[in-house]
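Engineer: Full structure from sequences and hints, please.
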Amino acid sequence: MEKVLTRNIADDPVPTDMAAYEANGGYQGLKKAMAGMSSADCLKVISDSNLRGRGGAGFPTGMKWSFVPMGEKCTPGHKYLICNADEMEPGTFKDRLLMEYDPHQLIEGMILSAYTIEADIAYVFIRGEYLVAIQRLRDAIAECYEKGYLGDNILGSGYKLDMYVHPSAGRYICGEETALINALEGKRANPRAKPPFPQVSGLWGRPTIVNNVETLCNISHIVDKGADWFMSLGRGEDAGTKMFGASGKVKNPGCWELPMGTPIREILEDHAGGMQDGLELKGFLPGGGSTDFLTPDHLDLAMDYNVIGKAGSRMGTGTMIILDDQTCPVGMTLNLIKFFAHESCGFCTPCREGLPWTREVLKKIEMGNGVPEDIDTLIHQTKYIGAMGNTHCALAPGAMEPLQSALKYFRDDFDRHISGGCCPYHKGTGA
Amino acid sequence: MSEASLIQTDLGSVLSTQELSEIDAELAHVPYKSGAAIDALKIVQAHRGWISDECLQAIARHLDMSAEDLEGVATFYNLIYRQPVGEKVILYCDSVSCWICGGDDIKDKISKKLGIDYGETTADNQYTLIPVPCLGACDRAPVMMVGDDLITHVDEETIEQVFSGSQSSDDGVGSKS
Chain A
1 MEKVLTRNIA DDPVPTDMAA YEANGGYQGL KKAMAGMSSA DCLKVISDSN LRGRGGAGFP
61 TGMKWSFVPM GEKCTPGHKY LICNADEMEP GTFKDRLLME YDPHQLIEGM ILSAYTIEAD
121 IAYVFIRGEY LVAIQRLRDA IAECYEKGYL GDNILGSGYK LDMYVHPSAG RYICGEETAL
181 INALEGKRAN PRAKPPFPQV SGLWGRPTIV NNVETLCNIS HIVDKGADWF MSLGRGEDAG
241 TKMFGASGKV KNPGCWELPM GTPIREILED HAGGMQDGLE LKGFLPGGGS TDFLTPDHLD
301 LAMDYNVIGK AGSRMGTGTM IILDDQTCPV GMTLNLIKFF AHESCGFCTP CREGLPWTRE
361 VLKKIEMGNG VPEDIDTLIH QTKYIGAMGN THCALAPGAM EPLQSALKYF RDDFDRHISG
421 GCCPYHKGTG A
Chain B
1 MSEASLIQTD LGSVLSTQEL SEIDAELAHV PYKSGAAIDA LKIVQAHRGW ISDECLQAIA
61 RHLDMSAEDL EGVATFYNLI YRQPVGEKVI LYCDSVSCWI CGGDDIKDKI SKKLGIDYGE
121 TTADNQYTLI PVPCLGACDR APVMMVGDDL ITHVDEETIE QVFSGSQSSD DGVGSKS
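Protein chains in written order, with the numbering used here: chain A, 1 to 431; chain B, 1 to 177.
Just so you know, the hints here were simulated from the structure itself, not pulled from any lab data.
Heads up, some of the hints might be wrong.
[What the hints assert, rightly or not] Below, simulated DSBU-like cross-link-like pairs (lysine-lysine); rule was C-alpha separation at most 35 Å, straight line:
no., chain 1, residue 1, chain 2, residue 2
1, B, Lys33, A, Lys363
2, A, Lys187, B, Lys33
3, B, Lys33, A, Lys364
4, B, Lys33, A, Lys147
5, A, Lys160, A, Lys225
6, B, Lys109, B, Lys88
7, B, Lys88, A, Lys187
8, A, Lys251, B, Lys88
9, A, Lys194, B, Lys33
10, B, Lys109, A, Lys32
11, B, Lys112, A, Lys31
12, A, Lys251, B, Lys112
13, B, Lys112, A, Lys160
14, A, Lys160, B, Lys33
15, A, Lys251, A, Lys3
16, A, Lys251, B, Lys33
17, A, Lys73, B, Lys88
18, A, Lys187, A, Lys3
[Unchecked claim] Stretches of chain A that chain B covers, calculated by requiring three or more beta carbons in the stretch to come under 8 Å of a beta carbon on chain B:
no., stretch
19, 23-37
20, 50-57
21, 180-188
22, 251-263
23, 351-359
Keep in mind that this is a model prediction, so the values were computed, not measured.
Even for Gly, the Cβ is constructed at its ideal location relative to N, Cα and C.
Structural biologist: Here is the structure:
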């Protein structure tokens with residue numbers, strides 16, 4: 001298959017600098033756009049390409065951008081493009097790879113995206129722990145200013161853009177775009193009420209677009225090669241390629257660029273090498289900690305947003321977390337709920353109080369002290385906290401996804417903990 | 001001189017010229033001073049390792065914020081330390097992929113090796129152990145950061161190598177780190 005996002009990232013990768021990036025076709029998209037494409041032209045090709053957001057929600061990128069007020073319809077002042085590089089979804093490790101080994105691909109995508117929405121300031125909001133990526137992005141940005149790809153009058157086009165790397169001080173909720181904006185404004189990262197949406201009133205009250213790293217890494221290729229080319233890359237109904245991954249007890253855990261619509265079985269067997277010797281696949285989270293479990297019955301599904309959605313889960317970030325038959329599903333769920341309880345921003349009660357309550361009930365069951373009524377409590381929580389509209393943002397409903405599906409597929413395991421008075425897997429408590 | 005102005009005078013000398021000039025450089029990018037709150041906390045922490053009450057008040061005053069508002073920001077974020085930490089902070093991933101790959105057992109071995117649990121600092125002030133959400137290296141689980149370094153595939157051998165110079169070590173393993 002044609003490598004797009006990882007064409008500069010070998011199996012044993014070395015960082016790609018400006019010379020290496022340009023030698024392999026880099027900044028062609030930028031040169032093409034600056035030489036003769038308007039913002040409207042860029043928006044059209046991205047909309048036509050059917051690119052969907054790679055951060056987890058899968059929202060069409062062109063549609064997201066189309067809500068930004070343009071030209072004279074926008075009040076005078078700054079507009080902002082923000083790259084969401086706050087990769088913190090449990091089990092997700094794709095954006096780190098893209099940033100550490102090909103920072104210019106992200107920067108070129110950001111310049112073109114900013115140009116499309118007429119933004120004059122761009123930020124990379126990145127995890128504070130990603131020290132290598134932070135340094136390589138800063139070096140690459142400096143190279144861009146030297147080359148005239150950033151700053152005043154980019155490539156003689158009259159377009160002006162400044163770009164900054166902003167390391168986060170650390171909280172999962174910063175991945176929510178309005179929480180991220182509050183963090184950039186120096187505040188606590190509580191999500192904002194919507195509307196107004198960031199496209200109209202975002203950073204400092206100005207029009208703002210927030211996109212995931214992988215989404216932005218696609219932009220230069222689409223501008224350079226066109227919408228039809230991008231759509232032809234997918235094997236199923238979605239366009240382009242995707243960074244897929246697998247972690248847990250598979251033989252060859254890793255992250256691979258594959259066509260959208262690649263069957264799950266192919267990812268797990270051909271790329272992840274199947275399960276480690278002596279272990280069977282029991283289930284998996286298809287795209288990070290806040291997606292519903294799927295089971296071996298789902299292995300032949302294609303990794304497309306709608307296909308995984310119809311199966312009762314979400315493709316999310318596309319990096320799968322594998323549950324083997326000797327790891328306790330109750331312990332795994334407890335580990336996940338413990339994470340979400342810790343990372344709740346505390347703004348709304350169902351999340352702040354409900355997640356720790358859920359964690360304590362799960363801990364009780366895992367420790368062998370559960371009673372049958374505890375299952376009813378958990379089911380109630382999945383319905384109450386899990387319902388959109390009962391919480392201020394999607395964190396708590398996301399937390400309920402692995403729990404509700406664990407109760408659906410692994411109910412026997414919960415019951416065995418309660419009836420036996422101990423964890424039948426004799427593994428850690430997850431706590 | 002009134003008590004209030006005494007406090008003001010004292011706080012005025014808390015932050016170094018270097019810290020103040022780095023904070024002021026950040027102020028150029030924000031429309032109002034409190035917008036640089038997180039940057040200012042990170043700058044001072046980079047120089048001192050943590051944010052003391054005295055520093056918090058001095059930063060708040062410099063940014064025209066109340067100390068209470070700045071405390072709300074400082075305590076919200078995982079990587080702003082409001083207590084002293086050791087020379088190196090160990091950020092140990094306690095999220096799901098590392099847990100599946102035996103992360104709990106490895107954490108216990110680190111705790112035993114160094115004689116500290118989460119939130120504690122070794123007696124020689126070398127290390128502070130803190131849990132961290134997923135470090136985004138799940139294909140190389142279990143993982144942790146020790147200071148600025150990402151350590152992957154953490155096992156007993158790695159622990160011996162990385163922490164060989166620690167005071168709590170009871171053997172003579174040569175330093176490889």
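Engineer: With reference to the structure, classify each hint as holding or not holding.
Structural biologist: Hint check results:
| no. | hint | result |
| --- | --- | --- |
| 1 | B:Lys33 - A:Lys363 | violated, 44 Å |
| 2 | A:Lys187 - B:Lys33 | holds, 12 Å |
| 3 | B:Lys33 - A:Lys364 | violated, 47 Å |
| 4 | B:Lys33 - A:Lys147 | holds, 33 Å |
| 5 | A:Lys160 - A:Lys225 | holds, 24 Å |
| 6 | B:Lys109 - B:Lys88 | holds, 18 Å |
| 7 | B:Lys88 - A:Lys187 | holds, 27 Å |
| 8 | A:Lys251 - B:Lys88 | holds, 33 Å |
| 9 | A:Lys194 - B:Lys33 | holds, 26 Å |
| 10 | B:Lys109 - A:Lys32 | violated, 56 Å |
| 11 | B:Lys112 - A:Lys31 | violated, 57 Å |
| 12 | A:Lys251 - B:Lys112 | holds, 30 Å |
| 13 | B:Lys112 - A:Lys160 | violated, 55 Å |
| 14 | A:Lys160 - B:Lys33 | holds, 25 Å |
| 15 | A:Lys251 - A:Lys3 | holds, 24 Å |
| 16 | A:Lys251 - B:Lys33 | violated, 52 Å |
| 17 | A:Lys73 - B:Lys88 | violated, 52 Å |
| 18 | A:Lys187 - A:Lys3 | violated, 40 Å |
| 19 | 23-37 | violated (count 0) |
| 20 | 50-57 | violated (count 0) |
| 21 | 180-188 | holds (count 5) |
| 22 | 251-263 | holds (count 3) |
| 23 | 351-359 | violated (count 0) |
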